[in-house]
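Trainee: Once you've looked at the hints, dock chains Z, L and U against the given chain R.
Residue numbers (the working numbering), protein chains in the order written: chain R, 145 to 478; chain Z, 145 to 478; chain L, 145 to 478; chain U, 145 to 478.
Since the hints were derived computationally from the structure, they do not count as laboratory data. By construction, the Cβ of each residue, glycine as well, lies at the ideal position given by its N, Cα and C atoms. Worth double-checking, as some hints may not be accurate.
What the hints assert, rightly or not - Once the Cα atoms are required to be at most 27 Å apart in a straight line, the calculated DSSO-like pairs of lysine-lysine come out as:
(1) R/Lys-304 to U/Lys-361
(2) Z/Lys-158 to R/Lys-182
(3) R/Lys-166 to Z/Lys-465
(4) U/Lys-428 to L/Lys-171
(5) Z/Lys-365 to L/Lys-305
(6) R/Lys-361 to U/Lys-267
(7) U/Lys-217 to R/Lys-361
As the list claims (entries may be wrong) - Which residues of chain U face chain L? A partial, calculated answer using Cβ under 7 Å:
(8) Asn-153
(9) Ile-165
(10) Ser-168
(11) Lys-171
(12) Gly-237
(13) Lys-369
(14) Leu-375
(15) Ser-376
(16) Lys-377
(17) Val-380
(18) Leu-449
There are 4 protein chains.
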Amino acid sequence: MINLKNDYNTIGSKEILDELIKYSNDKFVGYGEDTKTKELNSLVRSLTEKEVDTYVLSGGTITNIIGLSQILKNPYEAVITVETSHINVHETGAIESSGHKIIFTKAIGGKIDPNGIEATYNKFTDNHMVMPKALYLSNATELGEVYTLDELKELYRIAKKLNLYLFIDGARLPQALASSKYTLKDIASVCDMFYVGGTKLGLPYGELLVIVNDELKVNFKYILKNKLGLLSKGFVGAIMFNRFLRDDYYLTLASHSIEMANLLREELKEYLVYPNTTNQVFIKLDNNKVNNISKYIEFEVWELLNDSAIIRLVTAYNTKKEDVLDAIKIIKES
Amino acid sequence: MINLKNDYNTIGSKEILDELIKYSNDKFVGYGEDTKTKELNSLVRSLTEKEVDTYVLSGGTITNIIGLSQILKNPYEAVITVETSHINVHETGAIESSGHKIIFTKAIGGKIDPNGIEATYNKFTDNHMVMPKALYLSNATELGEVYTLDELKELYRIAKKLNLYLFIDGARLPQALASSKYTLKDIASVCDMFYVGGTKLGLPYGELLVIVNDELKVNFKYILKNKLGLLSKGFVGAIMFNRFLRDDYYLTLASHSIEMANLLREELKEYLVYPNTTNQVFIKLDNNKVNNISKYIEFEVWELLNDSAIIRLVTAYNTKKEDVLDAIKIIKES
Amino acid sequence: MINLKNDYNTIGSKEILDELIKYSNDKFVGYGEDTKTKELNSLVRSLTEKEVDTYVLSGGTITNIIGLSQILKNPYEAVITVETSHINVHETGAIESSGHKIIFTKAIGGKIDPNGIEATYNKFTDNHMVMPKALYLSNATELGEVYTLDELKELYRIAKKLNLYLFIDGARLPQALASSKYTLKDIASVCDMFYVGGTKLGLPYGELLVIVNDELKVNFKYILKNKLGLLSKGFVGAIMFNRFLRDDYYLTLASHSIEMANLLREELKEYLVYPNTTNQVFIKLDNNKVNNISKYIEFEVWELLNDSAIIRLVTAYNTKKEDVLDAIKIIKES
Amino acid sequence: MINLKNDYNTIGSKEILDELIKYSNDKFVGYGEDTKTKELNSLVRSLTEKEVDTYVLSGGTITNIIGLSQILKNPYEAVITVETSHINVHETGAIESSGHKIIFTKAIGGKIDPNGIEATYNKFTDNHMVMPKALYLSNATELGEVYTLDELKELYRIAKKLNLYLFIDGARLPQALASSKYTLKDIASVCDMFYVGGTKLGLPYGELLVIVNDELKVNFKYILKNKLGLLSKGFVGAIMFNRFLRDDYYLTLASHSIEMANLLREELKEYLVYPNTTNQVFIKLDNNKVNNISKYIEFEVWELLNDSAIIRLVTAYNTKKEDVLDAIKIIKES
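One chain only, chain R, in its complex shape (with noise of 0.2 Å):
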């Protein structure tokens, strides 16, 4: 089987686990006290180019609820977002649950459309409402869209105009920088807060979240324990996300995960569903295709249609070029 079905198939990338084995012999200080989150820090500092926080935790919900419950501070602020975002639809209520509620505001494919926020924020008008007080995106989007830097730009202005936070859910966010013109240092530039994922790319777990906005820092770590994220051995993610992030050593593997995606775009043009640059590809087969791939391929339905289904094809860091090559081969002649 060709499994192309999500990119958290894998434990971790070796150069990952090498690491792991590297440092396995050595003393830490706990509860992220240790020198190599303090490395960590200033490497990224160095990348963002600004005295950011960081922290690492254990997987993309967690660090959206956590990130999002240190900006909402009273239970009558609310998340603006739109209706197909991970916090919306995948997260088991787990936003609400924290206390929270979500407002839609209008969206382009799974992209927030920056002309809709202001009316959206107008509609809260009095203490009968909740009152919006962040803005939350994807980049990579829940489609796989990446937005423009000037796209970010824009919807920072806003958030800012409005008072708002914004919060970017960066759990693929090294797949969209590889497959766009901008750097880390671009997205800490337009943003309060975000995160870089590892988990969706050869790590066995961790998220990197990034506190840009010095307001958004104070006694982060009481929220991260009360709000259970908190790991006693957080040396571990440290280790791994220096090495992560060492020379580029994450562009590199999201890369090769774009490249492949590419190649099953460029190849599968015509079932194309959504435009998009990353490593999901959404294609649409009819029903019949769909049964006789599946017992080769492994993939994630998506859609469910009359005839026809969209599903979804996931590359990752790991993809074998010859696996893409023989499941092109298997869309199209089946």
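Mentor: Below, chains Z, L and U without anything else, positioned relative to chain R:
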């Protein structure tokens, strides 16, 4: 420096890391639906001789809170425990943040006094007060003590009589088992839910939650995701715990730490303050000695007294005997 | 000024206040354990012909949230409703603050479209999404519409099929009953929990929550206290609701408001925008007219359009016919 | 039967109810935007000689929790108080349900011992523990004691030194004022937020929350609505409190209850157990006496001892002197 500061100061044991390397090219289904997770469940079922459900979480606090969240359905339901409990002192109010009150009951050292529970329970007589619904204990306790099996049986009997669910925090359960005469199977027969700590015994991260009571199995994965504990690469934890539990490897690791602690207890008898049997050793030294040894040994100051202090020495799965002997010498002679 | 702004603009009806005076020298047990509360329960049981439990709360929002808190035990459980619902728009995020997500389903006007519910429900397929557990509707709706009894029966049938509890927000239930052909008894047979609003119909405060489903009766007073709704002088609300429900007094009050609204609807036919039958009348006037009448009539602007606006006129139990006639004249002639 | 069970056993005083009758034909704006609410604010500002904000809530528990919710913004922030506090014992875990931990500090009777606060505060040293942020006390206390003004000044000084907000639960503040030599103005100068209880002194419902500290005024109406405390007919409470506070009427009511309690204390000196000065009298009687008097007097059993019991006698604004004299006779002679 000799590091006796805690038992979570290294990435993990070689055998565990090797296991990760071994499977690093394999592909797995995400979110704990994989074969390794099933294998782990079978292993734990055979060890406990019960049809338990099993989940790997990232750390102790999150396991305590999510476990108790599954037990305490209503916001007026409360958990009974002793004042020194981890959930009361060292979790930054996570249990209250999840909406529940802690009720204190009488302690003997760090243990729950079984004779006090019913009186505690009976104080809650009407709907102006919370309703006790869970009994929480740590084994080993915060002070390194181990409950006897008879004590646990008695606590379970009382819990059932009072309609309380018994939850055992097992952050150091392997160490408790290694220093006592009972097993995982025994533990599974005296409680409704417990966990086996890996983080403090050679895993990069990971606590294995075991749900014994059928009522508590229902929809557990919903609460696991909602309360931020579901790991996308569930197979990583499963692979580690399969190795950890196989061939009593976890007991081997724990036994070594106990042996090293016993050496400390024996040789430092005159300074001992708490009579315990696991891998934490509490000694009282005059301030002068504390100052002197701190140049050579890393440890934690537990309590400052007037002219002296209680310090905590913790041994680990990989503590070297020569380091222990050196530490003993330094303490005695400084 | 003629006040048609809302139906909660006076302290309360003379009969209700007289009832308070009448009992002002009597002594009662606190916290709803008194004879008047028992008497009220008997009265509601006879009116509904069911062994319901009854509680008086202070207002609509607190009744919605506490009622739903009793239904939604787990933080991953969600409530299905339409987007215009009071709990979604006008409760400052109280439902999310209590930990639960709102799911939107298709609406027809302000009503739930029964044909959309199952499709909505079926979107929630696994533990990465919330679990629908309640269906919430208002009768009369936010737009003043009234469900037919057949519609309610159908909704209840669907709810039971899908294992959802049906909750009816009855802030204006008396007005719905007064403008339809069914009764409290009918309502009690088509839902699991509902309430009868008093605040919007001549009570200084008070909503009567009626629990029909036995499962939802368990420990209700604990959640009532925990969620801040237990009133120490429960007998005050009970005395008021005994009078309110006795001899169909509440229907008399409601009927008058409907009659006045019908007069408005009839005479202002040409301006009407929503076809409803209760005590809220929505009319569209050009901006000039809106400005002119605002010197003589107090009303609420519902929606600003370009050259016109939709305004809401609300009649109450004590709205005077002469005021209504004057208002009609003013609107027509200005 | 002579009712000395509590001070919330009647609907309310004639003057208060008459005030409601008086305004029963007037129309008001909803949700506390009315003229009577503004009038009340002016009155309280003149009584306190401070630019306070004021809100009427429905009862003590909801006022405690919403007040503290405004103070405790982060889930890791905690409130320091004594173990006998109402928020700890008699609110069904509402404070924890709202997400916050209670920290106990040393008590003298039902009062906070000022000498213990700093030591309590200093135990919370890092982000593994909660962060104390509020100090909560009741005046009068649960045991009917009254803080001296000097005691309050000292507590406020300590609170400010430790960066804690001081909240005064004033469910029986009028009774405290009536039995001491200080005023509302004094109270407003020694805390950040307090309330004046009406429910226990002749109002059908109502506590008047007074926000002194500017920081705590921000967006209060949002939290009031979100946490279920906003009453649509805010003018009802305002009308009642205007009368309550006008011409020291509340002190007149309170003074009568104190006078009646003093009579009990004087005549039952030999049985007194707690030395207090307000309208609660605690006496110890042998079981035989308790049984005998229970045929003639309604009271609450406070604590069961072996052969005796502590019972509580409570006087109210409308307790009759002849009833008190009869009760004394019955207690002495039975």
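Trainee: Work down the list of hints and note, for each, if the structure agrees.
Mentor: Right, here's what the structure says about each hint:
1. Among the hinted pairs, R/Lys-304 with U/Lys-361 is consistent with the structure: their alpha-carbon atoms are about 24 Å apart, no more than 27 Å.
2. Note on Z/Lys-158 and R/Lys-182: the hinted pairing holds, with a Cα-Cα distance of about 25 Å set against a maximum of 27 Å.
3. Using a Cα cut-off of 27 Å, the hinted pair R/Lys-166 and Z/Lys-465 holds, with the two alpha carbons roughly 23 Å apart.
4. The suggested pairing of U/Lys-428 with L/Lys-171 holds, with an alpha-carbon distance near 25 Å, which does not exceed 27 Å.
5. For the given pair, Z/Lys-365 sits about 24 Å from L/Lys-305 by alpha-carbon distance, which is consistent with the 27 Å threshold.
6. Restraint check: the Cα-Cα separation between R/Lys-361 and U/Lys-267 comes to about 24 Å, which is no more than 27 Å; the hinted pair holds.
7. Using a Cα cut-off of 27 Å, the hinted pair U/Lys-217 and R/Lys-361 holds, with the two alpha carbons roughly 15 Å apart.
8. Proximity of U/Asn-153 to chain L holds as hinted, the smallest CB-CB distance being about 5 Å (cut-off 7 Å).
9. Because the closest C-beta pair between U/Ile-165 and chain L is about 6 Å apart, less than 7 Å, the hint holds.
10. With 7 Å as the threshold, the beta carbon of U/Ser-168 comes within range of chain L, its nearest partner Cβ sitting at about 5 Å, so the hint holds.
11. Here the hint on U/Lys-171 is kept, as its CB sits about 5 Å from the closest CB of chain L, short of 7 Å.
12. Satisfaction of the interface hint for U/Gly-237 is found here, the shortest Cβ-Cβ separation to chain L being roughly 6 Å, below the 7 Å cut-off.
13. Because the beta carbon of U/Lys-369 sits about 4 Å from the nearest beta carbon in chain L, less than 7 Å, this interface hint is met.
14. Residue-level restraint check for U/Leu-375 holds (minimum Cβ-Cβ distance to chain L is 6 Å; threshold 7 Å).
15. Taking 7 Å as the C-beta contact cut-off toward chain L, the hint placing U/Ser-376 at the interface holds, the least distance being around 5 Å.
16. Checking U/Lys-377 against chain L by beta carbon gives a least distance of about 6 Å; that is within 7 Å, so the hint holds.
17. Look at U/Val-380: its Cβ gets to within about 5 Å of chain L, closer than 7 Å, so that hint holds up.
18. Of the supplied interface hints, the one on U/Leu-449 is violated, with its beta-carbon coming no nearer than about 25 Å to a beta-carbon of chain L, more than 7 Å.
Of the numbered hints listed earlier, the single one contradicted by the structure is hint 18.
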